[in-house]
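If you read the sequences in order, they're chains A and B.
In terms of this note's numbering, the first sequence has 293 at position 289, counting the first letter as 1, and numbering is strictly consecutive.
In terms of this note's numbering, the second sequence has 44 at position 40, counting the first letter as 1, and numbering is strictly consecutive.
Treat the hints with care, since some could be wrong.
What the hints assert, rightly or not - If you only want the chain A side, here are some residues facing chain B, beta carbon under 7 angstroms, derived:
#, residue
1, Gly77
2, Ala89
3, Gly220
Everything labelled a hint here was simulated from the structure, so no lab data went into it.
Think of the CB as a built atom: it goes at the ideal place given N, C-alpha and C, for glycine as much as any other residue.
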Amino acid sequence: MAGVELRGIRKSYGHLQVVHGVDLDITDGEFIVLVGPSGCGKSTLLRMIAGLESISGGEIRIGPRTVNDVLPGDRDIAMVFQNYALYPQMTVAQNMGFSLKMRRVPHADILRQVREAAAILGLQDLLDRYPRQLSGGQRQRVAMGRAIVRNPSVFLFDEPLSNLDAKLRVQTRVEIKALHQRLRTTTVYVAPDEVAATTMAAGIVVMHDGRIEQVGTPLELYDRPANRFVAGFLGSPAMNFFDGGLGGADGSRFVLGNHAIPLPAGAERAAPRSVVLGVRPEHIVVDAQGVPAEVVVVEPTGSETQITARLGGQTFTAAMHKRLTAPPGSTLGFRIDPANIHLFDGETGARIP
Amino acid sequence: MTAATLDRPATSARLLSALQVVHWRNLPLMAGLCIAAILMLMPFLWMVGASLRPAGEAYRLPPSIIPREWTLAAYREALGSGIPFVQMYWNSLVVAALSTLGVLITASMAAFAFARLEFRGSTPLFLTMLGGLMVPPALTLIPLYFGFARLGLLDSLSALILPAMASSFGVYMMRQFMLSQPRELEEAALMDGASYWTIFWRISLPQLGPALAALGIITFTTSWNNYISPFVLIKSWDKMTLPAGIVALQGLMGAASVSVVMAAATMAILPLLLVFLVAQRFIIEGMTMSGLKQ
């Protein structure tokens, strides 16, 4: 096993730079998830670690060695592709054993290792089948089996759940997590949305426009997002943002139209000209004494109720674990818990501590 | 109920659904295609008809497809003409088979290089090769003649096979097909530690089945029908291929014996007809997937 180190990784296609100097340390045995909107460079970064994409600058280290010029097959990594990429003309057993065969492992050992991997993933009865005879979920497991069979230092997963239905996705997510807990192999996982990231990973790397926005544990990122992008990307429903300014002599109030929201003590700061206040939907409560806002829509989801309302021309969402009805157009009072307020610079989007 | 009567409703249902496919607004198109098909078929049917009638009846007016009097005399005469048809059949077969094999090997390998490998000068090289498509084959015949003369290969089957073993059309067609295939399989093999040769041989090639079949048929047909190269490069009768042999037969027999020549032509065309009947699905598939026709 080995950790992965990225130093100043850049990628350009001609004049177009898509990854701008990424630095990242993944410790041995860690499970990290790369998330970000499509086109943020997360898959490119993964493919550069894999060696499927050349790097335009920087250094990639896997374990003790620099692998910039090492062929993918010699990097001691295994990858699970989004569409599984199982060899159609080979059986499940042949698919799983292919990498060992390429390494000239004796036939008997291949057989034993394939059986062991198959046992871990419950594939014993499928070894003689061809990929076309398998369901989507089974193919996914075979793809994982092919990755674990040769016991690599690092696993790479490229959106491996995208082609599964919702129920299977949840189940497979649990299986991947359990697999990691069992094998403790360093894992880099690219996920299209934050759900997989927050439920699976020990560490999350949020990417945007070819840069890393923040690295941390799921709760760190959720509770103290480094900037407005991370704040808006993690969490569903997404964090509410209000554009306004700081008021009061010491900048201890957030001013939004006619309303002033007190900020937690010690939160006064050398005020930038404009600030954005961020608050998660679950930190807005309905309170008759609160700021009155016009209800736009009420969505009961069963476990919670989401209310979309309008305040000073800006809409926001509140989520609460109680059942509540209010006709659209009616007025409800809302209160924000000052302890759970996030402030961001109106221009740079950076968190104001 | 017997199996035969059970089959009947299924057959008529199939016929009905086939008829329903012909929408009325397609009628003009269908009519046009039918006329075109008849025009295409006419010379072919006339050839078969002419080969089955007595000598001298072929040019009778008004022309007719179906002979008034059926006879195999023309076939007997063609086979007994002293021209070694069996040997020519064999020559044609050897030339077509080896050319096809050569094209399949070289085209798929070159296509893999152009479609999948990054190397300096790949694009200019590919464009140069495409440029080769624009050179009329007849233009290369004289240089080929001198080249083979120097190599001492004139008047041998090698002179017909060697130049036909590589085809820029084939490379282009296979490359286009390869580009339409997902890359992940090859990437997975690369991660699994396979060499480029293994990836080509074990992963890419098995996926190229339909394209290889189409290219194979096209190449075989082109080689089988090739008339001008053997005519220029081959002198001996026993090295001649069929198309050149038929022309020689015509010269030998004179214009009067058109039915004998037609009998020879019919015999020559049979293997191709067989290949087409068996493999027409691949040909259409191959044409549509590469987005071009020859």
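Evaluation of the provided hints:
A hinted interface residue such as A/Gly77 counts as satisfied when its beta carbon comes closer than 7 angstroms to some beta carbon of chain B; here the least separation is about 3 angstroms, so the hint holds. Evaluation of the A/Ala89 hint against chain B yields a held restraint, the C-beta minimum of about 4 angstroms falling below 7 angstroms. Proximity of A/Gly220 to chain B is violated relative to the hint, the smallest CB-CB distance being about 29 angstroms (cut-off 7 angstroms).
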